[in-house]
Amino acid sequence: DVKVTQSSRYLVKRTGEKVFLECVQDMDHENMFWYRQDPGLGLRLIYFSYDVKMKEKGDIPEGYSVSREKKERFSLILESASTNQTSMYLCASSLGAIEQYFGPGTRLTVT
Amino acid sequence: DQQVKQNSPSLSVQEGRISILNCDYTNSMFDYFLWYKKYPAEGPTFLISISSIKDKNEDGRFTVFLNKSAKHLSLHIVPSQPGDSAVYFCAASLSNYGQNFVFGPGTRLSVLP
Chain A
-18 DVKVTQSSRY LVKRTGEKVF LECVQDMDHE NMFWYRQDPG LGLRLIYFSY
32 DVKMKEKGDI PEGYSVSREK KERFSLILES ASTNQTSMYL CASSLGAIEQ
82 YFGPGTRLTV T
Chain B
1208 DQQVKQNSPS LSVQEGRISI LNCDYTNSMF DYFLWYKKYP AEGPTFLISI
1258 SSIKDKNEDG RFTVFLNKSA KHLSLHIVPS QPGDSAVYFC AASLSNYGQN
1308 FVFGPGTRLS VLP
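Chains as they are written, first to last, in our numbering: chain A, -18 to 92; chain B, 1208 to 1320.
Chain A extracted, bound-state conformation (with noise of 0.2 angstroms):
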């Protein structure tokens, strides 16, 4: 079984801290996303990857960055944590297919 593990399940950072979500996926898939998920929203793409140091925005990236230094962690850095990064946020990876398999969360609350 595909097994994407998140660092934390909950997070709480004050405003202006410099943020780390980790990622990490056991079963050599290329492919790696993270995504916000916020009420009435659904799952939002921040950033992605499709290979080591290689990073794509999505629709959200703004306040965010990643870095993918080794295939099977991908990380999600909020530089200066802020009230409206109050959020789920999912790692997923995939293998080429379309199909993503998802982490369980972290619940990160920015005071």
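Keep in mind the hints are simulated off the structure, nothing from the lab. As the structure is a prediction and not an experimental result, all values here were calculated from the model. Some hints could be false.
Unchecked claim - Simulated crosslink set (EDC-like; lysine to aspartate or glutamate; CA at most 16 angstroms straight-line):
id: 1; chain 1: B; residue 1: Lys1212; chain 2: A; residue 2: Asp19
id: 2; chain 1: A; residue 1: Lys52; chain 2: A; residue 2: Asp19
id: 3; chain 1: A; residue 1: Lys(-1); chain 2: A; residue 2: Glu43
id: 4; chain 1: A; residue 1: Lys(-16); chain 2: B; residue 2: Glu1249
Stated by the list, open to error - Across the chosen pairs, the derived CB separations fall in these ranges:
id: 5; chain 1: B; residue 1: Pro1216; chain 2: A; residue 2: Arg88; range: 17 to 25 angstroms
id: 6; chain 1: A; residue 1: Pro85; chain 2: B; residue 2: Ser1217; range: 19 to 27 angstroms
id: 7; chain 1: B; residue 1: Lys1263; chain 2: A; residue 2: Phe1; range: 41 to 49 angstroms
id: 8; chain 1: B; residue 1: Thr1233; chain 2: A; residue 2: Pro85; range: 27 to 35 angstroms
id: 9; chain 1: A; residue 1: Pro85; chain 2: B; residue 2: Ser1317; range: 19 to 27 angstroms
Stated by the list, open to error - One side only, chain A facing chain B, incomplete, derived with CB under 8 angstroms:
id: 10; residue: Gly23
id: 11; residue: Leu24
id: 12; residue: Gly44
Even glycine gets a Cβ: it sits at the ideal position worked out from N, Cα and C.
For this one, chain A is given, so just place chain B on it according to the hints.
Structure of chain B alone, referenced to chain A:
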């Protein structure tokens, strides 16, 4: 404006009856559609998909119907079971690669015993 809409935020159905979840999209170029199911405190899991060359795809109790002219798809669950209670997301893509997924806001299904 949302390109993928799920106009019912919630739906309650009696166990054993049919659940019908609806999804509408605005971009006629979308050619691949998926449904994901999400339980609380878990990530979404893939349920079923359909490409635009078909109008129906079936997998056990789950059937997805696509009406391209109406830009509408629906997920039918028959018979509904309490374990089906979850949030269901519809997603559409311009390709079968995944980077262009657009998700709907989700419908919370409650199956009552």
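Checked hints:
Distance check on the hinted pair: Lys1212/B and Asp19/A sit about 14 angstroms apart at the alpha-carbon level, within 16 angstroms; holds. Of the pairs offered as hints, the one joining Lys52/A and Asp19/A is violated, with about 28 angstroms between alpha carbons and a cut-off of 16 angstroms exceeded. A C-alpha spacing of about 15 angstroms is found between Lys(-1)/A and Glu43/A, which places the hinted pair at or below 16 angstroms, so the restraint holds. About 12 angstroms separates the Cα atoms of Lys(-16)/A and Glu1249/B, which keeps this hinted pair within 16 angstroms; it holds.
A beta carbon spacing of about 20 angstroms between Pro1216/B and Arg88/A agrees with the range 17 to 25 angstroms that was offered as a hint. At about 23 angstroms, the CB distance of Pro85/A to Ser1217/B agrees with the hint of 19 to 27 angstroms. One distance hint, 41 to 49 angstroms for the beta-carbon pair Lys1263/B and Phe1/A, holds here, with the actual separation near 44 angstroms. A hinted range of 27 to 35 angstroms for the beta carbons of Thr1233/B and Pro85/A is consistent with their spacing of about 31 angstroms.
A beta carbon spacing of about 22 angstroms between Pro85/A and Ser1317/B agrees with the range 19 to 27 angstroms that was offered as a hint. At about 4 angstroms, the closest approach between the beta carbon of Gly23/A and any beta carbon in chain B falls short of 8 angstroms, and the interface hint on this residue holds. Restraint check, Leu24/A versus chain B: the minimum CB separation of about 4 angstroms is within 8 angstroms; hint holds. Because the smallest distance between the Cβ of Gly44/A and any Cβ of chain B comes to about 20 angstroms, over 8 angstroms, the interface hint for this residue is violated.
Hints 2 and 12 from the list above are not met by this structure, while the remaining hints are.
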